[in-house]
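Bring the two chains, given one by one in their own frames, into a single complex with the hints.
Those sequence lines, one after another, are chains A and B.
Read in order, the letters of the first sequence correspond to residues 409 to 934 in the working numbering.
Read in order, the letters of the second sequence correspond to residues -1 to 305 in the working numbering.
Since the hints were derived computationally from the structure, they do not count as laboratory data.
Please read all numbers here as calculations on a predicted model, not as lab measurements.
Cβ coordinates follow ideal geometry from the N, Cα and C atoms, glycine included.
A few of these clues could be false.
[Unchecked claim] Label pairs and their computed distance ranges (CB to CB):
| # | chain 1 | residue 1 | chain 2 | residue 2 | range |
| --- | --- | --- | --- | --- | --- |
| 1 | A | Gln639 | B | Ala223 | 29 to 37 Å |
| 2 | A | Ser494 | B | Gly67 | 52 to 60 Å |
| 3 | B | Leu265 | A | Val634 | 54 to 62 Å |
| 4 | B | Asp55 | A | Thr752 | 43 to 51 Å |
| 5 | A | Glu796 | B | Leu135 | 33 to 41 Å |
| 6 | A | Thr752 | B | Val136 | 53 to 61 Å |
| 7 | B | Leu63 | A | Pro878 | 53 to 61 Å |
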Amino acid sequence: MTKPVLGTLRRTALGLLCGVAISLAPTATAWAQSDDLIVAVSTFSEETMTPWGGSGQRKTYLDVVYEYLTYVEPGTLKTVPGLAESWEVSEDGQRWTFNLRKGVQFSGGYGELTSADVAYSIERLIRDDSRAGPASPMRRLIGSVETPDDYTVVVNLNFPDFELAQGYFGATQQLGIVSKKHFDTLGEAEAEATPIGTGAYELASITPGSEIVMKLRDDVENHWRVTPDFQNIVFKVVPEESTRVAMLRTGEADIAPIGFDSIPTVRDAGLSIVSAEATWSPVVRFGGLIETSDNRYNPDAPWAIKEVRQALNYAVDKQTIIDELFQGEGTVASSDTPVPAWSTVEPYPYDPDRARELLAEAGFENGFDITIRTFTTAPGAELPLMAEAVALYWQDIGVNASIEPVDWPSLRSEWTEGRANNYVWTHRGFPFASAANGMEAGYLAASVFASFSTAELEAMIQDFSTEVDPASREAKFTEIGQYLRDEAAAVFIALANEPYGISDKVGEWKITTAYVWNFDQVTRAE
Amino acid sequence: MLKIIVTRVGEALVALLLMSLVIFLLSRLTGDPVALLLGDGATEADKAKLTQDLGLDQPLPIQYLTFLGDALTGDFGTSVTAGSQPALQLVLARLPASLSLAAVALVFTVTIGILFGVLAAIRRNSAVDIAARLIALVGQSVPSFWLGIVLMYIFAVQLGWLPTSGYGQWQHYVLPAATLGLFTLAAITRLVRSSMLEALGSEYIKLARIKGLSEAVVIWKHALANSLIPVITFMGTFFAVMITGAVIVETVFSWPGIGRLAYESILSRDFPVVQTVVLVITSLFILANLAVDLLYVLVDPRMRSRG
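Just chain B, same shape as in the assembly (with noise of 0.2 Å):
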């Protein structure tokens, strides 16, 4: 187990320096902030004087350790556009937000799709099974800025059962974790009920019913617990793709996560605020995978050996 999170941990200091500077130059091809940040009545030398206090008019490889050897101090920067406000305390105070969104839409999505696979397994060819074949596909297929707006319609404008946006209450969540975990939620029932069918159809299981071991035991015992792996293995990348790619869902129900915010700092080419997202998202990537190779590992006692 040492070993592993060892290993980890120097591997995720290397592909954060490679994304740092991966951001680094990305972010410079979109364009000059400082264009963005004049007034309607500027002139070339202010927009002159903005870009050397900004300290554009370095050399890109002098902007970059700069940059580099303050974010090893913990200073990414401060934003362009907000002031003087750190860009690390603006990225800080949006994360809560996003994670706790995907937190709950995580939570519905693996609940849901679990059941939903599990079910569709054991009922194959049953109107279950195609009932859940057929969320499988509408959620992969139907756009998350459709079904946002359309849910809001039914469930806040016509119902009023719950609020049309915002943050705050545990109502504000349902809306927005249904958008963001439909798309996941049918991955997950797939994976499960494909995966749940080739256990279902192993000799261990037959072992297991010849034993005389009841259906529930067999089912979710047994069969359940090999069918997880899989799921465990992208749960990992769900969550952290729940975080990071939910800007669409964030601007329809006005959620304040960290999507939106580097949407908008993309826009107004604020390089210490995407460079900031990018390097937090990357290493909520790393600590996602991290805690699932773990999980694999409790759940798995194969693993454990293999080290």
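Isolated chain A, as found in the complex (with noise of 0.2 Å):
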């Protein structure tokens, strides 16, 4: 190549560069800054925009479109009305009674909520066809919806559950309320793809994979519920959590969740952390002690030995693991599900000495082998850290844990059919806001999610759902947790919470608890 050429193509070069550095420099730019709400979640899960069509992770986007019967108040977590204004519960805990808030407008103009949108949902969210987690129990639970006039919704129970309003019917769970109206206009298939509800927002647009953009509805200013601050919230899914933390930096995302480690980074960025309180409870769990299930009940589990259990508990100093792993933000458990019933509920204390006390009165003063299999989820990234830091504290009682990494779907799919017999895991709770459903789920052999029961256990269980007075049902629910504890049910670790870091567009944000995010109630800063 001769020289001019050369020459011809480095200014060139040159000159495209610059050009391109121009360009490229920072203006007021689309991506940042927007006017709008710009929530970054790791997953929208199915995607799907009708509260039976998957999971309750799509509860970040659906729930300032639907609204529900009863809400959690923030800070005291009572049980306030909804779009039930009121509710009474028969004596026997099988007769509840709603009385619905009159004037509460569908948005598309399908008109007001009334009664049949109420029966209408909870049918749908229990046909065979819902991926609502909460489905299975709730069609069991549920015998007959009545509708004897337009605001009165009455729901016969198969069985007592005092705990329905905050429970299953609550903003917790997923009986968000559709409007049967659209269903029947549309037909199920297009109805499913436009959400309907009462909320403040309605949607504005979808980009699969991508974004999810809410917008205000046009009649808000008289919404029942919220006056909301902002026009347009735009979810974005955002699966890397080193991401979200950039966008958090460049204005790009106003609310996001973070992990622990990432606190001080945003901190430092000049961004402020709020963190939803006891909303998931790390935990390593004990396989094989269904003791009322042949296929999932391993006696020759070390393990399987009271003793043995609290043993693995006083063996773990889980204050230092949440100071440690995660930044102070959680308090050391003594179950796993934020109860208030189970506050007095004493956790073990770390205390190695003991340990291995008790692992020589069970025969084992020359420690086991265990495997210990663990996972990421959300919540959850730590789990794998928190494996290795209990690994550890049990080497030190003589106990030689090996950590498995696995993915959570394959270790679901052991733990429902039976066959993890053989080792411990970890996992991230069962955050219910009703604490009786999550009782259920974890320790009643009938859940294919139970780990740990006893016949005296479902015995308590089964003696507490029949109790009627108040008073007695809160001792014996106590006593439930204690029970638990004392028989070192699982290793309790902590009740933890969920940073998420905030945007300087954000003035007040209050997450209530798992799983009710309140995304309409965000307030603009001054």
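Here you go:
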């Protein structure tokens, strides 16, 4: 190549580079500093638009459209009226009557909320093809639904449930109320693509796998529950946590869940942290402890002996794990469900000497081998690190733990198929608002997700579920909590928080509890 | 040309059929989707019912024949997780994002790779050559996950020149395309460099110089044209790999492509979507190779007579 040609090439390349640099220079960029509220979440899960179309993880975007019969008050966690102004339960706990709020309008011109809509929503949520998490237990629970008038819904249960209002029918679960007229008019296939609810927002657009935009309804000034500050809420799916942190720093996101070790980075960038308190409970579950089930009980496992399980609890310094792995965002747990009735149950203290004594009592003075399976979930990215920490503590008392990283779907399959009998695994707990529901999921043999059950425990739960006196119920529930602790049903590590990074566009945001994000109540900073 | 097309189409159909069987069997080896769909309070009865509803209680041959029969009519089943959404619809909704990203990345890598390769060849052992080979080494060594995050932090967080992630505007393409394309850029640079060195040492190039042709014509018209054949060979493969192997880039940059869809579907044991993604990708590979074969014929006149 001749020198003039090379020279031309160099000048051209330089010119191109300058042009690119100028064109890319920061200007008022369209992707940041938008006037909308931008929420970056790790997943849209199934990315469907109906309450029954998938898991509760979709409530991040669905809950600005659909509303619930009751809500949970931030701070106090008390159950407060929602679409139901009031409710009552029969003495035997099997007949609930909900009195609906009058004048609540669906979006899209689908008229006023009536009992027919509630009945349809219930029926649809418990139908056989429902993919909602609570569909199965609700299907067993609900006998029939009556609508004596436009504003009264009567639910007859097959067995007592004294917590239906704050449990399955509350905002922490998936009974978002839909418009029956919407489905009757469009047919199921078309109606399922467009969410119509009584919430302040309605669907503006979807980019599959990328973002869902919700816009304020035109009639929102008179909305009965909220007065939103943002015209649009843009939900973006951002699976990678470091990307979410980067988005917070550039202003491309206003609210995003972050890892615990990103808390200092986010604070150093001048941003705030809001923690959803006690929304998950990192725990180590034991396999093969369903005593009343032939294929899910492994009497040969060392941890089948209560003293061994207790030793494994005493051996772990849970507060240090909270301080180091969760940046102090949590409290030491005596259970895997944040229940007020269990707040008096004392967790196991850190006492490795006591742990060694118990192992010796149980005949394992030389220790034993154990496998810990671990994986990441959301929340739960720290579970593998927690497994390593637990393994080290157990090593100190002579229990040799080997860690097997797996994926959650594989382990979930083994768990529900009764094949998780020879190892222990980390888990994020059952963050049910109704503790009774959580207890049934985790400790009744009939549940495929049970990890510990005894005949005595099942009897206690049965006794509790049929108890009608509130004070006695509370006492029995506490007794169950104490039993689970004394039996060391799991290695309960913590009731952990979920930290969210917040941009300076956000004024106030009260996240209530697990699965109640209140994005429609975020205020704009002054 | 017609003979080539007919032959390739026949081979494609056989490949698709075999692939459908392979992916059908492999996806079922990953586990049972029922366990993942069950809610926290499910019982054995719920599990049995759901298994039946999804048709998973049928013998495997029946399941495969059902799938194949439906696929021939364009019905690839419905997603087991995403309600009643057709699997093909889910995949096609995400395909444009993957195709566009791969196209941009390919243009980037081919353009820059050819330029670097030519410069490295004509300025052998110079600073340009060393720089090109260094870029090639780095490009093939650096993990895309790390590279993507580093580029994001430099150009988006620190400099604010580009968005961190997302999809929709042309600026969203820059970082993911650069991350996705760097490995291929390295490969093309090395390929062009070695092909150019071989070409520049050949007799016809000497003759061209003796005839008095300008150096620019010798390099860009004669030497490069013959050096492009191996690049074209790999372009089809590179393009398909950029579509299918972009799951890490798609995750880091929140790109709504089929790589991420495939990964999420595998995790959730969504067999219909996994099968559909693989069949679509197989079809893309086949189309890409067919395009390469046709490009060969256009570029190299010798191929026209071989047919």
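Hints the structure violates: just list their numbers, smallest first.
1, 3
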